[in-house]
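Bring the two chains, given one by one in their own frames, into a single complex with the hints.
Residue numbers (numbering that gives the first Met the number 0), protein chains in the order written: chain C, 0 to 550; chain R, 0 to 327.
One thing to keep in mind: the hints can contain errors.
Once the Cα atoms are required to be at most 27 Å apart in a straight line, the calculated DSS-like pairs of lysine-lysine come out as [to be verified]:
hint	chain 1	residue 1	chain 2	residue 2
1	C	Lys90	C	Lys123
2	R	Lys89	C	Lys190
3	C	Lys190	C	Lys133
4	C	Lys334	C	Lys482
5	C	Lys133	R	Lys107
6	C	Lys324	C	Lys358
7	C	Lys275	C	Lys528
8	C	Lys190	R	Lys107
9	C	Lys275	C	Lys230
10	R	Lys89	C	Lys133
11	C	Lys223	C	Lys123
12	C	Lys195	R	Lys107
13	C	Lys190	C	Lys123
14	C	Lys324	C	Lys411
15	C	Lys358	C	Lys379
Derived DEER-like restraints, expressed as beta-carbon distance ranges [claimed, not checked]:
hint	chain 1	residue 1	chain 2	residue 2	range
16	R	Asp76	C	Ala191	24 to 30 Å
17	R	Ser74	C	Gly233	49 to 55 Å
18	R	Gln85	C	Ser249	41 to 47 Å
19	R	Ser74	C	Ile306	43 to 49 Å
20	R	Val157	C	Glu349	52 to 58 Å
Rather than coming from a laboratory, the hints here were simulated on the basis of the structure.
All C-beta atoms in this analysis are idealised placements derived from N, C-alpha and C, irrespective of residue type, glycine included.
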Amino acid sequence: MSVSRRSGFAVATAASLTLVLAACGSSGSGATGSAGSPVSGGTLTYAINTDADCLDPHQSPADVAGFFARPILDSLVALDPGGKILPWLAKSWTVSADGRAYTFNLRDDVTFSDGEAFDAAAVKANFDHVVNPKTQSKLAAGTIPTYTGARVIDPHTVEIDLSQPSSAFLPAVATAYLGIEAPSTLAGDPKALCGKIVGTGPFVSADGYTPQKGISYTRRNDYKWPAGTAKHQGPAYLDRLDIQVVTENSSRLGALTSGQVDAIASVPPVNVAQLKANPGFQIQTAQAPGGNYSYYPNTQSGPFADIRVRQAFRSGIDWDTIVSKLYFGVFQPAKNPLAPSTVDYDKTVEPSYAYDPAKANQLLDQAGWTGRDAQGYRTKDGVRLTLVHPFLQAYVREQRDVLADQLQAAAKQLGIEIKNQNVDYGTYLKLLATPEGHDLGDFSWQRASPDALRTLFGSANIATPQSGFGTNQARYDNPAVDKYLADALTTGDPRQQADLYAKAQQQITADAAVFPVYVFNYVVGAAKKVQGITFEPQAFPTFYDTWLAQQ
Amino acid sequence: MTTVAPVRVATARRAGSTARAIGRRVLTSVLVLWGAVTLAFLALHLIPGNTVDAVAGGTTQVTPQLRAQITAEYSLDRPLVVQYLQYLGKLVRGDLGDSYALRMPVAKAIGQQLGSTMILLVTATVFAILVSVVIALLTAHRRRWIRGLFSGLEVTGVAVPAFWLGILLLTVFSFQLHWFPAIGSAGIAGLVLPALTLSAAPIGMLTQVLRQGLERVLDEPFVVTARSRGISEAAVRLRHVLRHAVLPVITLAGWLAGTMIGGAVVVEQVFSRQGLGRLTVNAVGHKDMPLVLGIVLIAALFYVLVNIAIDVAYRLIDPRLRSEDTTR
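In isolation and in its complexed conformation, chain R is listed as follows (with noise of 0.2 Å):
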């Protein structure tokens, strides 16, 4: 009983630092997020082009009174600054303008766009999370041949191109053998292939680290002492080691984000998947300023709230880092 007062405060004081890093989490976020805008806008505006072009169609020949008319209603004419400032104050009021090319709300564009996305990353993280822990835990520290064979695999699922494995995976199993749609986004049966194309090479990445951190830790004394107890040997893989060897992959899943939304753009294409890879690729196409930063400030968010994920993560597996708040 005595003891209650002490440890009462520790929390107060450890809840006083959580609040404080959520909130440098927060403003740091929001650094990122503008940062992330500011350095696109600059890159759409140095890439050679007139934005009223971009606006018209491209490859259309239009009026000069067409050209004139979008030049003032899009504030062409205004120095950079001054557009630059003016999509800054649109957006902290949650206006991201119009798509030049869609001429529909940025926000609406996406929106239409964002769900069959995500129902692919998550489909495929999900997937290469669960096939590379079931491989690793089997595989580490297993016979030469068991580990050479599944190695081999995961260098081939790194070092093939998605663009390439779709196709194969096309012509097999939905020309050939007629099991999943070949296009399209509807159903679950549509997913299996893209989910499968985009989490090859994550899967091999993954797997190859989870391996090595496994067979670390299989190498460690409190193994030897977990076994020495007479557990068996999936219950010591299972219960003591994957939690240890598991810190380095949460690591990677910054990467594994990135590696996703960059391979959607490449699936959606091949398997002709509405979702915003395809308009990405649409919206750079097209000089689409409006569109293209849209889809920049929501990749990067998704990059921030990753990444807190993965710090809550860190604090759940590992308890040390619970204790050591202040540090960070």
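So that you can see chain C by itself, here it is in the shape it has in the complex (with noise of 0.2 Å):
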């Protein structure tokens, strides 16, 4: 599939307290860095590629949601880049020996812009609009499913239920979908909550957010409280941010190198060797953590039911070379189920993912798909070997359409012909929703925990024509890897966690449940002047470190 957005399903981020963001940094030409020490001032003008609809992260289905609401919206706690979890609005946290208490000591100091105070009543508050039914929470409410209520122990202490042990629970109250805002807000209608929130975040939106066009913020002054993860501490240094919503690549690139805007998200790789090139502007990747952009075979019907024609799908696409001229490794070329820089990444399956022409044919072979017809084409009783491939052409990014054709281009020299279907979204869930709908599909999926692995493989994720949009397209039902993936959501041990995952990558593997393609990047072009762009650990862009250099 090639879907648009990043957003998807979230169930519980899974144990990832040892989260690594890689690949995170700048790589911009000449010297960057070379700009002294921070400061004050300025107004920063950034494009993005993706429209929030919905600007309230507690309800919006799109994850990137949650990066319109960065600036206005403080966590109760922060997760580093090396998976640590670090105090925010919260100053110290304790479990309870079973695991499904969390107690969480909060500043006292802290201030929503309206004028609120931040106390326990405000966390309550929050998090039971979350969950309530009349919010239709998308994305948060499925990130703390386990959650089954909050008490307020003294106006800074305040207590999470859970109905069962969650070592993913932290890290996701440590994200923007389960940002604080202000309660007085949350009373109402939710849904003029998509136009405008109020938190305590170093920003502060006066207006709002428009759709089409995008957000502005002011910097407020009075804030003292940033996570703990912040290069600095006190009000943010843009006295101004402001957001654009610019879905033509060519315009985006455009505005950048002319000077209309001053950092863009989502450098087309094409573009990116241009522009490093140039000594006004730098380039800053950082790989999303996760599942990457892939294929998926339909595991429960059709040729691909037979696991050799899945190995042989995979060892006999050269998908290295494929990425490599596209992308111009921008993107790397994937070799696992999960991105590298999730956690417990499973280095050890990675030569799985090797192209060995020889294999596939005699794999082939072996599945009985031996005479040819015509076209070259491999069949077996006189069946032609089709894959059919549904995609949604009007939600291709990434030249993802170039890639189905070169991949259909290398599926020939196998044998194997791919019916590559531009289809409508309605149809397209359709022929997802039953075994017989499909052979192939394709997307990408990020979220900073392995418990990425549950969404992408885990049984109850598989579509039926009542669910919707199932992002288990491989249709994979395997119970050992449920139970591995279950176990590590309840496990509190690191190790034994890190031993589950790595089953459960090396037994999809096994099963070529997955052909991964490439890596996805948050590729954020930037001129010179702009200095101190952090990322999340979802590798969405932060702002409050980030600083305009005198020219």
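Spelled out as structure tokens, the structure:
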């Protein structure tokens, strides 16, 4: 599938206490970082490629809502690039012996930008708001499925109760999806929050968010409670932050190179080298954790029900060459069900994804696809080896349509026919909801946790005609893997967790349930004067530490 | 003095017929709007796909509980006829409903974008009319190479896709020369390139039609008469010929309105302007039923108003139509 939004079904982000954000750093041309010490002032204009639709991350289905909301909302805790949980609005916390109660000790000097005090009641109001059916939370509520309630112990102590222990709880609390909003704003119609939210964050937005247009923020001057991950204290450096929605790639790039905006999201890979070569600009990339952009074989029905055909497809296509030629090294070829920056990534499975056409042909012969028809495609009992791949042209990004064409050509070399069917959205969901509807699916799905495996390969996430979109496009149903993933979520021991996730990756690889294509990178292009853009664990940029160098 | 009474009677009769004409107009307008909404409603339900998926945000997997709740809240379990009547009932009360994806009232969502689009449409229309009138007046019955040159430009203007033209203009005048901003909806400078892009095709079309009209009229005997009175060529063209030649152009105004609305979708996308065009693209992509229906309604209303304006313009320009009220 070629879905444009990095949105997804967020089940509990699992045990990711040791989260690594690898390959995250600046790689501009020439001397970056020689701009001296940070100075306050100025406006940063940032052009982003995707619209949020609804600003409130408590209810929006789009994970980019977390990006739009982050300058306004703080969280109870922060997750650092090394995967450690650090204090933020909560000074400290304790976990009960049974792992089902988290007691947060809150800062007492925090206020919302509308003057309300931040306290234990505010925390309770926020958690209750997220899970309230009226909120219709599409993403946030899914990150805390085990939440049962909150108790105000004293004005600055709050206890959160869970139905079962979950090592994914604190990492979920650290995301903007569970950011703390002013309680008075939560009482009314949740729909009003789609345009405007109020929080304790370093920026405020008086006018709020307008679809297609974007959002402007101004600095909050009395801000003094940054996240434990922040690089400085006190108010943000920028006076003002303007985020504009510019969906057209060439317009976004042109706006940057002609100085109309200071930084842009999602630089097209083909333009990255050109921007790096220009002394006025820099490129910053962050490898997103979670799933890669992958193709998924339908393991339940059709030719791919035979594991040998899946293995043949995996080793018979030169994925490395296709990816390197198309993305110029900006996106790396993927060789695991998970992205390398995910916690508990198992490097040992990588060799299984090597290119070996001889082995592929041998496997196809063994599977009985020995005949050849007039066009050179393999046949078995007179039937051509054809794979149906429904996709949505309207949602294509990152040249995934070109990639699909190249894949089609590469598969033909093996004697496999791929039918790329551009369908409308309703048909697409229908085709993926039954075992017989498709042979190949494709999509990318990021989340800062190896629990992404459960989202992508857990049998509970296989689509049915009643369920709508299902994230397990491989329709992969392996009770052993289900058990590894469930156990990894509830175990408190990081080493045991790593072991369970490694086993899951090995089994999924052995079953050839995924064809990883490329590792998604968030690619920010910026003028040289822009300093200190940081990335949160899910690889969205953040602006609290950002400043503009004098020129 | 003796003629006063009959004139009064005639005026009264004419006023009565005008009132009836207006009444008929309003009635047919309402019918057009109802038809547009009904067709759009049916079309949206014929597109495969489940509305619950649209509300849930497309490619998002949500819990069965949330799906059940969405179904109940939007009455999606009711028969289509009931949903349709419910929608019409709300519509009559002036309630366009809430957008699925934006989660705000449709009226507000459209209101946020309408201004920007109207400014673009009005600017582009005025620009298109001015430019085509000037070019047509200057080139009708002129030397062959002048006509040939402009005809060529006009055909190119119609043939070039707005998308490509927009990117070309952006590259030259924004990215290279820095004369105009590339993105955003703010200010007059930001309006120039989008309006130019949007009006290119209409200018080509209007100029061709207008020039043909002018050339036809320039051959009429009354032009010879006018010239024989010693009036300058400019005055002949402006005062006498243009008025006759402009009628077919006004007929084209309905087509122009359609082209403009369609073109705005592309232009707003290329120039990253906020507006109804981009809102429409997103709404259709999300299968955001209430929003699409709201936009259809606005577009239909726009057409109806433009057509009424065309009728009025006919009457103003062509005195023959004023005395033929009863036939219209």
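Status of the hints after comparison with the structure:
Only pairs whose Cα atoms come within 27 Å are accepted, and Lys90 (chain C) paired with Lys123 (chain C) is accepted, the gap being roughly 17 Å. At most 27 Å may separate the alpha-carbon atoms for a hinted pair to count; Lys89 (chain R) and Lys190 (chain C) meet this at roughly 19 Å. Straight-line distance between C-alpha atoms of Lys190 (chain C) and Lys133 (chain C) comes to about 10 Å, which keeps the hinted pair within the 27 Å bound. About 23 Å separates the Cα atoms of Lys334 (chain C) and Lys482 (chain C), which keeps this hinted pair within 27 Å; it holds.
Under the criterion of a C-alpha separation no larger than 27 Å, the hint pairing Lys133 (chain C) with Lys107 (chain R) is consistent with the structure, at around 21 Å. For the suggested pair Lys324 (chain C) and Lys358 (chain C), the alpha carbons sit about 24 Å apart, so the restraint of at most 27 Å is met. The straight-line distance between the Cα atoms of Lys275 (chain C) and Lys528 (chain C) is roughly 14 Å, inside the 27 Å bound, and the hint therefore holds. Between Lys190 (chain C) and Lys107 (chain R) the CA atoms are separated by roughly 12 Å; this keeps the pair inside 27 Å, and the hint holds.
Between Lys275 (chain C) and Lys230 (chain C), the direct Cα distance comes to roughly 26 Å. Compliance with the 27 Å bound is thereby established for this hinted pair. Distance hint between Lys89 (chain R) and Lys133 (chain C) is fulfilled; the C-alpha atoms sit about 22 Å from each other, no more than 27 Å. About 23 Å separates the Cα atoms of Lys223 (chain C) and Lys123 (chain C), which keeps this hinted pair within 27 Å; it holds. A threshold of 27 Å between alpha carbons decides the hint, and for Lys195 (chain C) with Lys107 (chain R) the separation of about 14 Å falls inside it, so the pair holds.
This hinted pair checks out: Lys190 (chain C) and Lys123 (chain C) have alpha carbons roughly 20 Å apart, not beyond 27 Å. Proposed proximity of Lys324 (chain C) and Lys411 (chain C) is supported: the alpha carbons are some 19 Å apart, at most 27 Å. Restraint check for Lys358 (chain C) and Lys379 (chain C): satisfied, since their Cα atoms lie roughly 19 Å apart, inside the 27 Å limit. Restraint check, Asp76 (chain R) to Ala191 (chain C): a C-beta distance of roughly 27 Å satisfies the suggested window 24 to 30 Å.
Distance hint check for Ser74 (chain R) and Gly233 (chain C): the Cβ-Cβ separation is about 52 Å, which falls inside the suggested range of 49 to 55 Å. Taking 41 to 47 Å as the suggested C-beta distance range, the pair Gln85 (chain R) and Ser249 (chain C) conforms, at roughly 44 Å. Look at Ser74 (chain R) against Ile306 (chain C): about 46 Å separates their beta carbons, and that is inside 43 to 49 Å. For the pair Val157 (chain R) and Glu349 (chain C), the beta carbons lie near 56 Å from each other, so the given range of 52 to 58 Å is met.
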